[in-house]
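Chains as they are written, first to last, in the working numbering: chain A, 1 to 111; chain C, 112 to 230.
Everything labelled a hint here was simulated from the structure, so no lab data went into it.
Output of the computed footprint for chain A on chain C, the stretches with three or more beta carbons under 8 Å from beta carbons of chain A:
#1 149-163
#2 195-207
#3 223-229
Not close to chain A: a few residues of chain C, all C-beta gaps over 10 Å, as computed:
#4 Leu122
#5 Phe131
#6 Asp139
#7 Glu183
Per label pair, the in silico range of CB-to-CB distance:
#8 C:Arg226 - A:Pro79: 19 to 29 Å
#9 C:Ser193 - A:Val27: 28 to 38 Å
#10 C:Gly127 - A:Gly57: 45 to 55 Å
#11 A:Ile92 - C:Glu183: 21 to 31 Å
#12 C:Ile171 - A:Arg106: 17 to 27 Å
#13 C:Arg155 - A:Glu17: 27 to 37 Å
#14 A:Asn110 - C:Val163: 46 to 56 Å
#15 C:Ile171 - A:Lys54: 25 to 35 Å
#16 A:Ile60 - C:Thr197: 31 to 41 Å
Just so it is clear, CB atoms sit at the ideal spot from N, CA and C, and this is done for glycine as well.
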Amino acid sequence: KNEVEQSPQNLTAQEGEFITINCSYSVGISALHWLQQHPGGGIVSLFMLSSGKKKHGRLIATINIQEKHSSLHITASHPRDSAVYICASRPIIQGAQKLVFGQGTRLTINP
Amino acid sequence: DVKVTQSSRYLVKRTGEKVFLECVQDMDHENMFWYRQDPGLGLRLIYFSYDVKMKEKGDIPEGYSVSREKKERFSLILESASTSQTSMYLCASSFISGKWGQGARNEQFFGPGTRLTVL
Numbered sequence: 001k002n003e004v005e006q007s008p009q010n011l012t013a014q015e016g017e018f019i020t021i022n023c024s025y026s027v028g029i030s031a032l033h034w035l036q037q038h039p040g041g042g043i044v045s046l047f048m049l050s051s052g053k054k055k056h057g058r059l060i061a062t063i064n065i066q067e068k069h070s071s072l073h074i075t076a077s078h079p080r081d082s083a084v085y086i087c088a089s090r091p092i093i094q095g096a097q098k099l100v101f102g103q104g105t106r107l108t109i110n111p
Numbered sequence: 112d113v114k115v116t117q118s119s120r121y122l123v124k125r126t127g128e129k130v131f132l133e134c135v136q137d138m139d140h141e142n143m144f145w146y147r148q149d150p151g152l153g154l155r156l157i158y159f160s161y162d163v164k165m166k167e168k169g170d171i172p173e174g175y176s177v178s179r180e181k182k183e184r185f186s187l188i189l190e191s192a193s194t195s196q197t198s199m200y201l202c203a204s205s206f207i208s209g210k211w212g213q214g215a216r217n218e219q220f221f222g223p224g225t226r227l228t229v230l
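Input sequences plus hints: build the corresponding full structure.
Have a look at this one:
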């Protein structure tokens with residue numbers, strides 16, 4: 001059974017700190033997604049990765065296919081980064097259309 | 112920009128009522144999804160549709176049905192609402208994976224969510 005595990009489940013940090021959220025998955029994938037959900041519910045896609053590393057502003061996402069592991073990093077964190085971050089895998093064995101989601105990491109950045 | 116809209120942000124219904132949740136997307140996406148999100152459980156797939164009139168059960172289809180009569184619209188139906196169906200419901204859409212080739216994002220675009228309370 002494919003599972004996606006995120007850690008930590010909750011993370012509180014001070015403004016300016018470097019943040020790392022980890023994601024592990026158990027089966028081969030065609031892509032790994034990082035999503036952000038702000039209070040109120042709306043979910044936006046941050047990254048889709050199949051290898052290597054991607055950067056967008058202060059956000060960096062990396063993936064190690066051999067180790068089945070991905071990380072999301074936030075540099076110079078800011079209170080507006082406070083949100084739930086969700087990792088989702090697109091498993092090869094289940095077909096390419098569906099995603100399997102982690103439980104999410106609730107990030108709180110204090111000023 | 113892709114827009115996925117849901118018919119209500121907040122909904123309160125009584126046990127036994129029939130509930131309709133509507134989702135509309137404006138990007139001509141083939142795939143549409145209905146999820147529910149509960150604390151500690153993350154997003155769970157209820158139903159998925161990859162074409163008009165086509166549907167596939169997700170991980171938790173019991174107590175739900177869906178309808179896709181037009182490509183842009185995907186409806187979730189609770190035939191007889193129960194308190195266990197109190198949750199946040201999220202709709203999403205995407206192109207068929209691989210439609211635009213290896214480099215395509217094929218990401219899912221989400222609606223704002225409907226918070227349903229069943230009393």
